[in-house]
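Protein chains: 2
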Amino acid sequence: MGPTQKADSREHTLGRMLELLETAAARDASLIVFPELAFTTFFPRWYLEDGALYQYSERSMPNPAVQRLFDRARALPVGFYIGYAEQTPDERRYNCSILVDCDGKILGCYRKVHLPGSVEPRGGARYQQLEKRYFAYGDLGFPAFRAGADWRHAIIGMMICNDRRWPEAWRVLGLQGVELVCVGYNSAAYDPNGGATEDAALRTFHSKPVTQATAYMNATWAIAVAKAGDEDGSGLIGGSCIVDPTGRIVAEAETLADEVVVADLDLDLCRQGKDRMFNFAAHRRPEQYSVITERAGIIEPTALSAIATNLSEARR
Amino acid sequence: MGPTQKADSREHTLGRMLELLETAAARDASLIVFPELAFTTFFPRWYLEDGALYQYSERSMPNPAVQRLFDRARALPVGFYIGYAEQTPDERRYNCSILVDCDGKILGCYRKVHLPGSVEPRGGARYQQLEKRYFAYGDLGFPAFRAGADWRHAIIGMMICNDRRWPEAWRVLGLQGVELVCVGYNSAAYDPNGGATEDAALRTFHSKPVTQATAYMNATWAIAVAKAGDEDGSGLIGGSCIVDPTGRIVAEAETLADEVVVADLDLDLCRQGKDRMFNFAAHRRPEQYSVITERAGIIEPTALSAIATNLSEARR
Chain A
1 MGPTQKADSR
11 EHTLGRMLEL
21 LETAAARDAS
31 LIVFPELAFT
41 TFFPRWYLED
51 GALYQYSERS
61 MPNPAVQRLF
71 DRARALPVGF
81 YIGYAEQTPD
91 ERRYNCSILV
101 DCDGKILGCY
111 RKVHLPGSVE
121 PRGGARYQQL
131 EKRYFAYGDL
141 GFPAFRAGAD
151 WRHAIIGMMI
161 CNDRRWPEAW
171 RVLGLQGVEL
181 VCVGYNSAAY
191 DPNGGATEDA
201 ALRTFHSKPV
211 TQATAYMNAT
221 WAIAVAKAGD
231 EDGSGLIGGS
241 CIVDPTGRIV
251 AEAETLADEV
261 VVADLDLDLC
271 RQGKDRMFNF
281 AAHRRPEQYS
291 VITERAGIIE
301 PTALSAIATN
311 LSEARR
Chain B
1 MGPTQKADSR
11 EHTLGRMLEL
21 LETAAARDAS
31 LIVFPELAFT
41 TFFPRWYLED
51 GALYQYSERS
61 MPNPAVQRLF
71 DRARALPVGF
81 YIGYAEQTPD
91 ERRYNCSILV
101 DCDGKILGCY
111 RKVHLPGSVE
121 PRGGARYQQL
131 EKRYFAYGDL
141 GFPAFRAGAD
151 WRHAIIGMMI
161 CNDRRWPEAW
171 RVLGLQGVEL
181 VCVGYNSAAY
191 DPNGGATEDA
201 ALRTFHSKPV
211 TQATAYMNAT
221 WAIAVAKAGD
231 EDGSGLIGGS
241 CIVDPTGRIV
251 AEAETLADEV
261 VVADLDLDLC
271 RQGKDRMFNF
281 AAHRRPEQYS
291 VITERAGIIE
301 PTALSAIATN
311 LSEARR
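Residue numbers (my numbering), protein chains in the order written: chain A, 1 to 316; chain B, 1 to 316.
These are calculated hints, taken from the structure and not from any lab test. Don't take each hint at face value.
If you anchor each label on the Cβ, the simulated ranges turn out as follows [stated by the list, open to error]: (1) B:106 <-> A:264: 49 to 57 Å; (2) A:68 <-> B:299: 36 to 44 Å; (3) A:139 <-> B:152: 40 to 48 Å; (4) A:201 <-> B:201: 22 to 30 Å; (5) B:55 <-> A:264: 45 to 53 Å; (6) A:28 <-> B:152: 52 to 60 Å; (7) A:257 <-> B:61: 56 to 64 Å.
Here a beta-carbon is modelled for each residue, glycine too, at the ideal position from N, C-alpha and C.
Could you put together the complete structure from these sequences and hints?
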């Protein structure tokens, strides 16, 4: 999807999504992947009061504002992945995605685990990244779902944006035998506040080997879909792509605008990796991985030596 | 390094390594990375009796057969990473690597965790992959080491070959703040027994995004070094490369023969990733990763549902 401005109406954006849905269905797609927070602009870049957040959030799914998308999808019939801001009855918000099958049933729900940004706004900055403020951490893990015949009984997992840079997310799905991972994203193309860091070319580049290597290492198809282009002066990378289980890009977007990219996913291509090189049961060594679940942050070797010294001193 | 044939003498191979050492030192290298099992041919492709394995194994390090390399390195002075088959006093073997600093001291040792191949030879096959037969699983974890001034006090980790395809190995090093990962490898370019699977181009390709993406996701430099070319009718991929902490290849080998590739490693380039995008303490969510250390193999969603059903039936 191309950009969605703050001033764009919900109705206008939904109209664009319906057009994309029609185009994809006409090209024989049965599963259509929309990006993260697809119904609205990427609002975490703005500092907003609680009340202002309502317009960006969905209190149920489907709901009247999006019903047309669900109805048309079921009529075609196609299913879809879509990301949105979920507002729960107890007033918590999650950065969420769902898989809607070709019968219009919600096959699975995922709530984003790897929230970037900060809780407190950056003083004096025009653009923020306030996902840690607006959203609670996902509490559903990384569930994989067995699809029905319309999607060839694939085992499908979901991620959202930043998750795809965390190999743990891929591996938790890989350990469920995932054959397709759908990821929607809104990734900044550069620092919109003018900081001299990475540029759009480097950031677009990053998105690809991350998706390719982790798809390969888990022997799964991956579909990574951007909301791209300029949203109210803040640039988002494109680079939407479909990656096969050997890590090759088989189709990719060429623009930063609304665009449909289609591929036929042969799930049997997952077997070579899952049965041989990445036969987890034969080759993984979990007893060597304990630090991955024991702590979040870094302890450098010198610090560990210092701890050992302190311990031995404490024992004297 | 180019290939090493079964018939090549130890002396001949060591001579090639000394030449590479001299060339690299003349180009101002201070750390030289040799491949996995660098002193010999990749012998796990052959079915060998225990006695025949002695000629491929090192019972101490250094030892008279390799002393010249250590002496010349210290004189220059340069340090190095090298992989070899370690034979312990109690007759166990490990696929091992060491870091030797510019003073000739062994800074650290690593024993390969992710052993590919099988214990039993494949009947009727000309070429084997018997690492699981010849070697014990590494029992040292994935330790990182703080280097001295010669290597700019870098935190350095080691992997061997297949390890680089396992994101867990990178992450355990990443959680120690690693700034440089050295990997030596011998990776088959195709099935030498003629099976119709992946070809050399695809396998050479695989090695790159794996190294690039995992270096990026751990904000570390990586040096991946092949033993390449045709060893007694079995092809090995090349693709040796030096990757920066944003995942870009900054130097790479162009041949399958002995070749020196040099880069200057600015360790400060690790900071952007470690402090921001991949600030582990701020952004990792270990409570969601437990399955990574709880089991080795895959449990598919349907199997899990079956377990749940079984459990609820058991409770009746």
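Against the structure, the hints come out as follows:
Evaluation of the 49 to 57 Å hint for residue 106 of chain B and residue 264 of chain A yields a pass: the beta carbon distance comes to about 53 Å. The hint said 36 to 44 Å for the Cβ distance between residue 68 of chain A and residue 299 of chain B, and at roughly 39 Å that hint holds. Taken as a hint, the range 40 to 48 Å holds for the pair residue 139 of chain A and residue 152 of chain B, whose Cβ atoms sit roughly 43 Å apart. For the hinted restraint 22 to 30 Å between residue 201 of chain A and residue 201 of chain B, the CB-CB distance of approximately 26 Å keeps it satisfied.
Taking the beta carbon of each, residue 55 of chain B and residue 264 of chain A are about 52 Å apart, inside 45 to 53 Å as hinted. Between residue 28 of chain A and residue 152 of chain B the Cβ separation comes to about 55 Å, which falls inside the hinted range of 52 to 60 Å. For the hinted restraint 56 to 64 Å between residue 257 of chain A and residue 61 of chain B, the CB-CB distance of approximately 59 Å keeps it satisfied.
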